[in-house]
Amino acid sequence: DTAVSQTPKYLVTQMGNDKSIKCEQNLGHDTMYWYKQDSKKFLKIMFSYNNKELIINETVPNRFSPKSPDKAHLNLHINSLELGDSAVYFCASSQDRGRMKQYFGPGTRLTVT
Amino acid sequence: AQTVTQSQPEMSVQEAETVTLSCTYDTSENNYYLFWYKQPPSRQMILVIRQEAYKQQNATENRFSVNFQKAAKSFSLKISDSQLGDTAMYFCAFMKREQGAQKLVFGQGTRLTINP
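For the protein sequence lines, the chains are E and U, in the order given.
Quick note on numbering: this note's numbering labels position 20 of the first sequence as 20, and the sequence is numbered without any gaps.
Position in the second sequence (first residue = 1) + 113 = this note's numbering.
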């Protein structure tokens, strides 16, 4: 009965590869997010989708492409991986109305070698 | 653009002591929310406490309380009777609603260690 789940939890890959991280929430929320936490632990929002529509895009390179097939899923696809993409990526979800709270997934540690 | 600053990269206290983590923010918004998140070594992001900017009363959650000074744009977290399980990274965050989303801006984090 996990609220926000991400797969995989760990991902090790070589430079130049293309990879995807999947996120699913079973909370019935209508907004989902991707955050990046770098090696210094700094967390920064990347994208937000509301009802499958992109509403926040924080100057992320074009190599990153989020895809939301439905309200419960927000996947992150990364093309041509670079060393600097190594980080922990967190998915989160929230409900637009009601309590202001985001529910975070467990994170995916991406290591690019 | 909003910014959040946590001036204490690391703190360390003895178990059962009280510790206060500092956070300041900069915004021109009037309606917003402030949060403290805890990230233990498991890396899970856990919401500790939330404060609505329109509320003058400081939020409390058991051993956790905040000192919210809106005019000074200050939002500190006090942990009373600290426990070993409080050891974690703590992030202060500012949030405003943007086109149906809740945009969170985080501070740099404070690594808190509770010593036995």
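Errors might be hidden in some of the hints.
Said to hold, decoys possible - Below, a list of computed lysine-lysine pairs in the DSSO-like style, where the Cα atoms sit at most 30 Å apart:
1) U/K209 / E/K101
2) U/K183 / E/K40
3) E/K9 / E/K41
4) E/K36 / E/K22
5) U/K186 / E/K9
6) E/K67 / E/K52
7) U/K183 / U/K209
8) U/K191 / E/K44
9) E/K52 / U/K209
10) E/K52 / E/K41
11) E/K40 / E/K67
12) E/K9 / U/K216
13) U/K186 / U/K216
14) E/K101 / U/K183
15) U/K191 / E/K19
16) U/K168 / E/K22
17) E/K22 / E/K67
18) E/K67 / U/K191
19) E/K101 / E/K22
20) E/K19 / E/K36
21) U/K168 / E/K44
22) E/K41 / U/K209
23) E/K22 / E/K9
24) E/K41 / E/K19
25) U/K209 / E/K71
As the list claims (entries may be wrong) - Chain E stretches covered by chain U per the calculated footprint, using a threshold of three residues with CB under 8 Å from any CB of chain U:
26) 48–62
27) 82–89
FYI, nobody ran anything at the bench for these hints, they're computed from the structure.
Think of the CB as a built atom: it goes at the ideal place given N, C-alpha and C, for glycine as much as any other residue.
Now for the hints, and whether the structure bears them out:
no.	hint	in the structure
1	U/K209 / E/K101	holds, 11 Å
2	U/K183 / E/K40	holds, 29 Å
3	E/K9 / E/K41	holds, 17 Å
4	E/K36 / E/K22	holds, 14 Å
5	U/K186 / E/K9	violated, 37 Å
6	E/K67 / E/K52	holds, 8 Å
7	U/K183 / U/K209	holds, 15 Å
8	U/K191 / E/K44	holds, 25 Å
9	E/K52 / U/K209	holds, 20 Å
10	E/K52 / E/K41	holds, 29 Å
11	E/K40 / E/K67	holds, 27 Å
12	E/K9 / U/K216	holds, 24 Å
13	U/K186 / U/K216	holds, 18 Å
14	E/K101 / U/K183	holds, 20 Å
15	U/K191 / E/K19	violated, 41 Å
16	U/K168 / E/K22	violated, 37 Å
17	E/K22 / E/K67	holds, 10 Å
18	E/K67 / U/K191	violated, 40 Å
19	E/K101 / E/K22	holds, 21 Å
20	E/K19 / E/K36	holds, 15 Å
21	U/K168 / E/K44	holds, 27 Å
22	E/K41 / U/K209	holds, 22 Å
23	E/K22 / E/K9	holds, 10 Å
24	E/K41 / E/K19	holds, 22 Å
25	U/K209 / E/K71	holds, 21 Å
26	48–62	holds (count 5)
27	82–89	violated (count 1)
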